[in-house]
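Visitor: Each chain, written out:
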Amino acid sequence: MQLKAGSRLQSQVCATQIIVVKAPADDVDVTCGGVSMVEPGSEADANATPVDGMTNGTGMGKRYVDADDAIEVLCTKPGDGTLGLGNVALVLKEARVLPASD
Amino acid sequence: MLTPAAAAQLLQSPFAAEDLGLGPRPHVEIDLRDERANTRVDTGMLAAAIEQIPAVVTGVCDSSTVASELTNACDVLVSERHHDTLPTVAPDDGDAANLEALIGSLTSAVARAPMASVALVQLLRLSHEASIPQALAAESFAYATLQSGPEFRRWLSMQRQSDNPQTPEAGRSVVASQRVDNRLSIVLTDSARHNAFGVAMRDQLVPLLAAAAADPTITHVELRGAGPSFCAGGDLGEFGSAPDPASAHQIRMTRSAASHLHRISNKLTVFVHGAAIGAGVELSCFANALVASEDAIFRLPEVQMGLIPGAGGTVSITRRIGRQRCAWLAISNHAFNSTGALRWNLVDSLATDSLATDYPSSGDESANVQRDGG
Chain A
1 MQLKAGSRLQ SQVCATQIIV VKAPADDVDV TCGGVSMVEP GSEADANATP
51 VDGMTNGTGM GKRYVDADDA IEVLCTKPGD GTLGLGNVAL VLKEARVLPA
101 SD
Chain B
1 MLTPAAAAQL LQSPFAAEDL GLGPRPHVEI DLRDERANTR VDTGMLAAAI
51 EQIPAVVTGV CDSSTVASEL TNACDVLVSE RHHDTLPTVA PDDGDAANLE
101 ALIGSLTSAV ARAPMASVAL VQLLRLSHEA SIPQALAAES FAYATLQSGP
151 EFRRWLSMQR QSDNPQTPEA GRSVVASQRV DNRLSIVLTD SARHNAFGVA
201 MRDQLVPLLA AAAADPTITH VELRGAGPSF CAGGDLGEFG SAPDPASAHQ
251 IRMTRSAASH LHRISNKLTV FVHGAAIGAG VELSCFANAL VASEDAIFRL
301 PEVQMGLIPG AGGTVSITRR IGRQRCAWLA ISNHAFNSTG ALRWNLVDSL
351 ATDSLATDYP SSGDESANVQ RDGG
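As they're listed, the protein sequences go chains A and B.
Per the working numbering, the very first residue in the first sequence carries number 1; after that it's consecutive.
Per the working numbering, the very first residue in the second sequence carries number 1; after that it's consecutive.
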């Protein structure tokens, strides 16, 4: 699937929804729970089930990236699946640790 | 209290700034109750002098006083009774016996924190008509200036002698969120500490607000506090822990709950109960709809700590109640109840039911409840 910044995707196997913050130039297969994500509102495959080991969950407001930093997505609805590019899991992009400003 | 003519003489004297600004009580009261007195001065020149003076200028009004460049120039307006058109503070707004007592308590409040009081009114003079991002930057500059000042240092030294509640250990969840369809519900869950707004709460709240802004299908965002209070303000245990004022400014401008709330203000409803102090009232005032319970108490303690409201309050509160009432609330440290808050449109409506939120609520798995760890 060709993505662009602002593209929204939803999981077929859990409640997860994401927004693409940084889109790769090439077509990619963004997955959740190991199963391709689809555009919101499209028919989900009722028989789809999460792949073993791809059920670590997503967090509301968390950012996820791939190892090459080619794609970044933002979770706008959390769920049980693990986000991935194909069968490679995306990793959580931790926020910089900032001290108090008071 | 000075007549307009006496005020013009004082404020236009060559060393007015030094004489007033370095004095023990940089507060000037001008009597605006006699329209004929205004004809004896050049009101344009007096208004320009007010704008320059490093002191708090209070205009004393009555029902005969009409809006003018003089009333606009004053930092605070007071009147014996509620005024129909001018944003004055009346004695009963401040639980004062009469006008003299109200003015006297304001003068005392300025004298306790002269640098912070004057910095606040100077900030409001320049920021109240600026865009919200510009006004937030200006607020942060002024806050940074005061962070290294003697009044805040004195407050800190007194604090260290008292017992502060411990800040939450790193990684503890202090914010929960729930996304159902097009609605995002956010609950501050550090109820034992009255949802003190510290680093952990900032860092857990900001990503939720960013996601709400990014996703156009989130059309309603609700923000509540669990436990006895919505939010009792900044984390007292963290005050004085910023690395330095310049870094603190950089942090405020890069991870700002205020600017994230501003971005979603048109879809944001905040429900306030119990204490809404400091950041608690400042942040909630960004909402398009602000609902308060009858027990809600609003207070801005920062000026009396030698600071100014620094969580966006000089921007959000000013745009609800005007800069003159905002200046009085912040300088006086007055605990404003929900009736007063509604009368001034600080809040939009009062809730008939208790807004105290129990959390965690009964587990509804389909509802997708999530507690956000650090």
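The set of hints was computed from the structure by calculation and includes no laboratory data.
Honestly, I wouldn't trust all of these hints.
Derived DSSO-like pairs: lysine-lysine, alpha-carbon spacing no greater than 27 Å straight-line [said to hold, decoys possible]:
no., chain 1, residue 1, chain 2, residue 2
1, B, K267, A, K22
2, A, K4, B, K267
3, A, K22, A, K93
4, A, K4, A, K93
5, A, K4, A, K22
Chain B stretches covered by chain A per the calculated footprint, using a threshold of three residues with CB under 8 Å from any CB of chain A [to be verified]:
no., stretch
6, 89-96
7, 336-345
Quick reminder that beta carbons are idealized off the backbone N, C-alpha and C, glycines included.
Visitor: Against chain A, does the stretch 336-345 of chain B show at least 3 residues with beta-carbon separation below 8 Å?
Guide: violated (count 0)
Visitor: For K267 (chain B) and K22 (chain A), compute the direct alpha-carbon distance and say whether it is at most 27 Å.
Guide: OK: K267 (chain B) and K22 (chain A) at ~25 Å, within 27 Å.
Visitor: Take a quick look at whether K4 (chain A) and K267 (chain B) sit within 27 Å of each other, Cα to Cα.
Guide: This hinted pair holds, its Cα atoms lying about 25 Å apart.
Visitor: Would you say the stretch 89-96 of chain B counts as covered by chain A, given the rule of at least 3 residues with C-beta under 8 Å?
Guide: violated (count 0)
Visitor: Does K22 (chain A) pair with K93 (chain A) here, judged by a C-alpha cut-off of 27 Å?
Guide: holds, 13 Å
Visitor: Taking 27 Å as the top limit, are the C-alpha atoms of K4 (chain A) and K22 (chain A) close enough?
Guide: With a Cα-Cα distance of about 7 Å, the restraint between K4 (chain A) and K22 (chain A) holds, given a limit of 27 Å.
Visitor: Hint check: K4 (chain A) vs K93 (chain A), CA-CA at most 27 Å. Holds or violated?
Guide: Answer holds: K4 (chain A) to K93 (chain A) is near 19 Å, not above 27 Å.
Violation of the numbered hints given earlier is confined to hints 6, 7; the remaining hints are satisfied by the structure.
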